[in-house]
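Chemist: Given next are the chains, with one letter for each unit.
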Amino acid sequence: MLSVLLQIGWKKLWTLFFISVISFGVIRLAPGEPSQIDPLNPRFTPEVLERYRKAFDLDKPLYEQYRLFYWKLFTGELRSFKDSQPVLPKLVERMWNSLPLFIVGTILVWCYAFPLGVASAVRRNSFFDKITTVIVFALISVPGFYLAYLLIIFVVQTFHVDVIGLRTFGREGIGGFLNLMDRTWHVVLPSVLGATAGIAILSRYVRSQMLEVINSDYVRTARAKGLDEDTVLYKHALRNGLLPFVTMIALLIPGLVGGSVIIETIFAWPGIGRLGYEAILSRDYPIVISLNFFAATLTLLGTLLSDLLYMVVDPRIRLEKAE
Amino acid sequence: MASQGVTETQLPKEHLSPSRLAWRAFLRNRTAVAGMLACAVFFLVAVLGLVVTKGDNPVLDPRQVRLADKFRPPLSSPNREAVPAEDLPRLGIYLLGTDDLGRDVFARMLEGAFVSFSVGFVAVGIAVAIGIILGGIAGYYGRVRIGVGALRLMSVDTLITGLIDVFLSFPSFFLILTVVAVLKPSIWNIMIVIGLTSWTGTARFVRAEILALREQDFIQAAHALGVSGPRVILRHLIPNAMAPVLVSATLGIAGAILTESALSFLGFGVPPPDATWGNILSDGKNFLFDASWLTIIPGTAILIVVLGFYIFGEGLREAFNPKLRQQV
Amino acid sequence: MRVKQTLILAPTLVSLFLLQSYFWVPTFEDQVKGDPGRLIRYIETSIGDASILNPTLAADSASAAINGLVFDGLIDRDLDLSFRGRLAESWDIFEEAYLVVDETQRLPDGSAVTADRLVRHLERARAAGNPALRLVEKIEIVPGGSRVEQIEVAAPGGTPSKPHKRKVQVTVHQPPRLKFTQREVDQDFFIKLNRLLGGYADRIDPTRFVEAVEPVVTPEKAAALVPPTEHNPVVLFQLRKGVLFHDGHEFDSRDVQFTYEVITVPENLSPRVPDFEPVKAVKPLGRYTVKIIYKRLFEPGFQSWGMGILPEHLLNRQRLSEEAIRLGRDPNNFSVRDSGFNRAPIGTGPFRFSEWKTDQYIRLTRFEDYWEGAPNLHQYLFRIIPDPLTAELTFYAGTSDAYGAQPHQVERLKDDPRFQSFSRLGLGYSYIGYNMRRPIFQDVRVRRALGMAINIQEIIDYVLYGQAERTTGPYPKQTDFYNPAVKSFPYDPEGALRLLAEAGWTRNADGWLEKDGQPLAFTLITNAGNEIRKAVMVVAQNAWRRLGIKVETLSMEWAVFINERVDKGDFDALILGWAMGLDADLYQIFHSSQTGHFQLNFVGYKNPRSDALMVRIRQEYNHERQVAMARDLHRLIAQDQPYTFLFVRKSVMLLDRKVVRMVRDGDDTPRYLPIVPDKLGGITFHFNQWLKTAQPVLTAN
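Chains as they are written, first to last, in this note's numbering: chain A, 3 to 325; chain B, 8 to 335; chain C, 172 to 872.
Incorrect hints may have been included.
Lysine-lysine pairs mimicking DSS-like chemistry, simulated, CA-CA at most 30 angstroms apart [as the list claims (entries may be wrong)]:
{"no.": "1", "chain 1": "A", "residue 1": "K237", "chain 2": "C", "residue 2": "K175"}
{"no.": "2", "chain 1": "C", "residue 1": "K528", "chain 2": "A", "residue 2": "K74"}
{"no.": "3", "chain 1": "C", "residue 1": "K309", "chain 2": "B", "residue 2": "K61"}
{"no.": "4", "chain 1": "C", "residue 1": "K309", "chain 2": "A", "residue 2": "K132"}
{"no.": "5", "chain 1": "C", "residue 1": "K528", "chain 2": "C", "residue 2": "K350"}
{"no.": "6", "chain 1": "C", "residue 1": "K309", "chain 2": "C", "residue 2": "K462"}
{"no.": "7", "chain 1": "A", "residue 1": "K62", "chain 2": "B", "residue 2": "K191"}
{"no.": "8", "chain 1": "A", "residue 1": "K227", "chain 2": "C", "residue 2": "K309"}
{"no.": "9", "chain 1": "B", "residue 1": "K61", "chain 2": "C", "residue 2": "K721"}
These are calculated hints, taken from the structure and not from any lab test.
Next up, chain A with everything else stripped away, as it sits in the complex (with noise of 0.2 angstroms):
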């Protein structure tokens, strides 16, 4: 047992250093000297240049700048080309803003997921079936923006009420209730939006395990001793199928950045992916780098985590592993 933790914890720090190195060399993708990067900034100053020069240390070796990189941004002492500020507590920050989005849509996500694959499996190739099919893969094939678009326009225009922000901007002084609904109701939208990718992910795999289920021996058997279809189902096939989902919470993780971007944008939501994507306008690379960085160490936890949950629930993955 123990070997196999260190063999994974082993693999996961490797990952962890060729995450660290393609997050740094990515901004040296630009062809020619780094410190002109970016010739088409008419602003891009000799100030700007000799900034850049310190930052990255460039006057170093490679491996040296790679080192001194990682060390400025765990000391603090890296800090943002826009304004001066120190890049950690920036990003953890702006990570707490994110953070109610991810949950809420988290929660969504569980909440509608299960009920529709399940449902979807349960009543395989019927009519409902094949619609919630449609609709649910309909709802990844928009494009994300398009369909931001479409519904924060109805709601404005149908009730003239705000759902730009964290909360109703420039509405202070109010008590705490009236505080916690104008945020609730500020992230409805961006997490039902956020959300929709991950319901109809989430309820196909559902759906198909269930269905793996369902005609499994076991639940034969179930219903051949004569128990009623919802129990069959919904105590022995979904306890038994969908244990191992408990692992995928962790793998929801990377959505925190990726998919935020442009959700983030759009309802001009301070959190991680906008200041992502700003920072990529403005050419800010220390938070880029950075944010690249901690997304994908952030992914490698949750692996980690979901490989120890599974191991947890899942015996049989022990066995395999250790062979």
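Starting from the known structure of chain A, fit chains B and C onto it as the hints suggest.
Modeler: Structure of chains B and C alone, referenced to chain A:
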């Protein structure tokens, strides 16, 4: 399940091959067939679009600006007084309306179809190629250990699965955005970057299939006959591992078209003059209140095509999965 | 079945909880729900964030919007665009002129020139009422002296565009000078004086006063070191007393001087340097008087004093050093640009800075001790929303109070009863510029014909939805300098063909225009990313093709366009626009001395008459005379057509109808007034009186 598939191959000839079986199962799934048809139509439209909108004097000119006829709703006829006769649309009508510069949206959609289509196909082509090569190597040569000098650090399999893990860890859209922003958006950069970041699925499938297949008798037989490694991979292993690759490629095209439209929205999409459905859509959204068709037409077109690919892909997946197929 | 129930109940409950929150949020109609304070918070949205909150260093419009509220300038413009005192209570513009005493010459009466004799001679003429000395109030003698200076001279090697330079030390023997103090600035003073003195000034040889080891000093260099005559316009500002900075420190003349110094320090890289380069010195005379002396006649310099004034006591050398040490930086290498002040500014303006969340918002709070009385609004919130459509939607939802409508939206929004709209003609204009170094464009008839061939009105109607006006020349239409008598040429392709035929361009067998076997062909370029320019390009190309001109078009990225083509003069024709100021100075754009690489007269326009006018205009301090000359210049340029002047765009600003002005009458009862635009169409002139009401109080627009 894979082994089950292979056993069937070795059954006497009068039995249907698994792919034939899968095909039959697929045809019975009418939603999936509809999806396939949507893809086929898209393909035809794209080819047609290439034919009628390219060249110096195309049949339908997507670049013809007619300022007097801007923001014409779909199915409106042109303003014959203000627009010079040689600039009038060939169809005599703006089938899908005009945009903010009076360009024919129908012609632009046709032109964009081909570009969007190529972005999807080339990106997925790159992804599949990388996926097959790395997956094939990991599956076949996985146990070979590599290292510096005598020091054997890790096996090939560890290296490649590690690489897959690394790529899976990055929030892929943000990574694509970063790279495209650094490299400057161009149609080639976008295809390559999407391709380079979405090969992991294919690689995993191919690896898994090959791991399962390589111990099979027919592969052992090939070895015994002295067939070389790469040849075994290419001639025997890959074709047998093709089904899941096909499925993930189908889904990949849908994903690439969506990714391109998202990049367009953020200003890092395929730059003009190439029209893609993505950039028609994101340009149109600025006029959502006054010319909603500029958004709704490309938005719906993307929806239908991507949906087609997804349903088609899902149908294939089910058809190729014997466990799910049996109950049909 | 518990599991089954949970599967149905959970999504229902979650959805219900989320949706019911709608009942607790404000709507456009009911913005004060739970928070009456919304009415005293004004919210504006911006696509981009501010960059640096320091009026001497900022160059972007977002920063300027904030700086305008946090800082006050010495002057600003009144509703009718005339100057109005802010931190300066009043000002006086006069002149100090200098004339070198050249003792080698003789006076008209035959006696040798000395300083005293010259003064006596002139005083006599003044007493006799000589018009040359009409404005002179005082004549004084400034004694001479010697000083050592370094000058740059050409060194061997180098190229014409990048000549090598070296420094040479010279001794300057400054002769005594006469100083004339004049009531008004008079650019012709020395011309008249010279006539009075029989060409005295022309005979002064400045090389005599400069001593160098080698014979390297040219007459031009010498004249720069010892100018025979010199105009020094002077502005004397009387400052307002008792004005406080937001930290309670009183504003005084030291702050004005300091602000000027910040701009002149090279490390600060101030974008305002060109505005203040003509300033020779800023001298405080007591706490409440500042004397600004200019090196030369430069009338447009005055308006630069509308720039916000910095607090000296927070940014002086000592404070900067302290800050540098606190941050662990080298105090000798720490400039105002590095200071934290730029993210938390302190000024004398009606609003004080309170908070800045990068890419989210900037919050300003009203300054209770503002010298003009505190504003009605308690807070000003500057919200950053990068997406234009989203910004528009916040306006409809009542979470922003103003919205700049796009041209195609104006029709739909301007009559919406929820909003009030203000149309405003811009200061900038768009044009097609012709490179007059190219032989085909040297003929004015060709340039005029090209302009006549384009249906500009169609562009305005269809591309800009009528949200633009035609313009005929280089000045903003709202200023007095614009000459309304200049008529725009008609859209007349036939006439254009005739003009071209006059110029020798005739149609060949294929219908293309040619002259001496050479086809009329050129390339029209513009920058990518500007849809309007792109549309103009297409229209122009089509129009010219119809005449039989082979026109290629090319749009390229901004940096390439500017650096490779415009700055190097490497183009045939281009589409571009100028953002103009309110002054009459066109020297940089149209003077023949400005045609070099990286200069702004990239079309190579040269006309001696225009040149002379441009020089005189920037030296003229009398508004009427300046206007007369500017109108002449406008007419000349319109005749010469170095550009086809296209249009000036209009913009429409929408405000929530509930935003009004509120003033208190004598008995303290509030009175509501409509918002009045200034002559430029700007609406924020009375911003300090603005307030929002819960329901609309004024009906008419």
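Chemist: State for each hint whether it applies.
Modeler: Verification of the supplied hints:
no.: 1; hint: K237(A) - K175(C); in the structure: holds (9 angstroms)
no.: 2; hint: K528(C) - K74(A); in the structure: holds (23 angstroms)
no.: 3; hint: K309(C) - K61(B); in the structure: violated (80 angstroms)
no.: 4; hint: K309(C) - K132(A); in the structure: violated (99 angstroms)
no.: 5; hint: K528(C) - K350(C); in the structure: violated (54 angstroms)
no.: 6; hint: K309(C) - K462(C); in the structure: holds (18 angstroms)
no.: 7; hint: K62(A) - K191(B); in the structure: holds (27 angstroms)
no.: 8; hint: K227(A) - K309(C); in the structure: violated (121 angstroms)
no.: 9; hint: K61(B) - K721(C); in the structure: holds (22 angstroms)
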